[in-house]
Amino acid sequence: MTNPPRRFLPFVLTALVAAVAAIGGAALLVNIFQHKQEARNPFYRVVDLTDEIDDPAIWGKNFPQQYDGYKRTVDQVRTRFGGSEAVPRTPTKADPRSVVAQSRLEEDPRLKTMWAGYAFSKDFREERGHAYMLEDQTFTERQQVVKQPGTCMHCHASVYLPYKKLGGGDLMAGFEKMNQMPYSEARKLVSHPVACIDCHAPDTMQLRVTRPGFLEGIKALKAAQGIADYDPNTMATRQEMRAYVCGQCHVEYYFKGKEKRLVYPWAKGIKVEEILAYYDEQGQVDWTHADTGAGVLKAQHPEFEMWNQGIHARSGVACADCHMPYERVGALKISDHHVRSPLLNINRACQTCHKWSEEELKARAELNQERTFRMRNVAMDALVELIGDLKSARDGGRPDAELTAARGFQRKAQFYLDFVEAENSTGFHAPGEALRILGESVDFSRRGQLAVRGVAPVASGAPLPRPSPK
Amino acid sequence: MRAHAASLLVAVSIGLAAGLGVYTFVYAKGASYLTNDSRACANCHVMNEQYDGWSRSSHRAVAACNDCHTPPGLIPKYATKASNGFWHSFYFTTGTFHEPIRITERNRRVTERACRKCHAAVVDAIDRFHEPGRELSCLGCHRSVGHLH
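Residue numbers (the numbering used here), protein chains in the order written: chain U, 3 to 472; chain X, -19 to 129.
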């Protein structure tokens, strides 16, 4: 009893240990509680969404996670062969943008030769994220060179509600009306870049196609395949819709006739030669080449078409699987609405299926892209040489009749090359197809050069003799 | 008298800690991990995808999680369960793990052996000529039989 503290020491220590255990237990309990709470997949309906609300910020109140990702499409990040870089510029009255993407024309001046006489030779920059689609379209210098029609809004703005309003409730009527308006007039009717309402039904959040161009295009394509009256909104599978909503805009297109109707040229199929055959049949000429007088075509971002020829499409992998991969947020599994290059998100985009390291997967993708890029350069040189030959012949006074064949080859070579050049994957969406197209483009350019020199053109695309099976 | 009070304090402390521990164990459905029920593996939601995949897979009727992810034998089975249970809890609690989640090399070997246990006749016919260290991997080609992701 002389030294009580010493006697009580074991008791105090034991109590301390028990207290620490209790703290650990309580902390674990709280952590488990938190994890159980996240597992409840909370959804709070803050606002009632209708088909008349197109402001993504309002939709975002019910779906904050998805909205947060959507807003992040402002990011400008480069990948090895694509992606945009933030380039500062001095705002002017005509163009108040203080940041733009790098100019592709400065990167590769051969593009100016390819597009001589067309607005794209004035201003063509790397595409930026979805957030910029409306702004970049409004202020591109191309607007100052040519009068663009209201048709452009189809894919540069959230246009579902404006179409319906303009058409008095009829989407198609609104589409037809806006196509015929001048760009500046149509611009006043829209206020958002692509928004939730363009791909989702407000009551069920189910994916839906709202773009008239795609509805008509896929109908024509399916009709060519023997399926009558195809409507993706009632006949497509959920997985097909995960590609179709992107295919609403990431496609090759043209403005048909005086009505400037947006048409996806798929009535004969969606391979490059099928699209060109359709254009030839329609007599479509996007512009007359300034150097050569050839009636040529501009291909524009045929991602949907190219992806369709690739192994991922064949395996049932949709655009959203790689560009909007699932991510875990707490216990929620959501689609990443920060739409971007899968190369910036390899673990979620690729590793869900491919069990290799991020470095290996990136190397595989870039290997395909590098091969495409090299071949694209070969095809570009060949085309520039053909254009040079044609220009000299024309300037030298050769009659048009003697240049017809060579101009035909230029039209083909140029469309094939641009089909890969304008496609935003540097070949990755279908590596074999991209190289095939570029190879044929080189062939067309060289045949064109022979034609300029008066060598009789050999029928292009004639079937090769096959070794007979034994 | 004082000693008595101190003992009481210790007893209460230990009782509190033990009670909290028992409650946490029950609340976290700790006992379910000792069973063979596959639902236990998706108690914490991080395995939801794997559980969903398995419930639609070709093996759902013939193999539960434990059949492929634990070795045969009572002691190896529970040793594996204990090890995985600890590390899974650790990473899930701290949140420091790679996503998408990946199987460890040791667990992959366990699963590989499980394929060969049930499909011995077939595997033996295929794999008998491969030297040690260069055996074929069942999972290399049949990754989706249990659950794809």
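Bear in mind the hints are in silico, worked out from the structure with no lab data behind them. Be aware that one or more of the hints could be misleading.
[Claimed, not checked] Covered stretches of chain U (in silico footprint by chain X; criterion: 3 or more residues with CB under 8 Å from a CB of chain X, positions within the stretch not fixed):
id, segment
1, 15 to 26
2, 57 to 71
3, 351 to 364
[Claimed, not checked] Residues from chain X that keep clear of chain U, each with C-beta distances beyond 10 Å, as calculated:
id, residue
4, H25
5, S35
6, P52
7, K61
8, P80
9, V90
10, R123
11, V125
[What the hints assert, rightly or not] Short derived list, chain U residues pointing at chain X, Cβ under 8 Å:
id, residue
12, F10
13, R330
14, A333
C-beta: ideal position from N, C-alpha, C; glycine also.
Evaluated hints:
1. 15 to 26: holds (count 6)
2. 57 to 71: violated (count 0)
3. 351 to 364: holds (count 4)
4. H25: 4 Å, violated
5. S35: S35/X is indeed farther than 10 Å from all Cβ atoms of chain U, at 15 Å.
6. P52: Holds: least Cβ distance 26 Å, greater than 10 Å.
7. K61: Non-interface label on K61/X holds, nearest chain U Cβ at 19 Å vs cutoff 10 Å.
8. P80: 5 Å, violated
9. V90: 17 Å, holds
10. R123: 8 Å, violated
11. V125: Fine: 15 Å to the nearest Cβ keeps V125/X off the interface.
12. F10: 5 Å, holds
13. R330: Hint holds; R330/U Cβ to chain X Cβ min 6 Å, cut 8 Å.
14. A333: 4 Å, holds
Violation of the numbered hints given earlier is confined to hints 2, 4, 8, 10; the remaining hints are satisfied by the structure.
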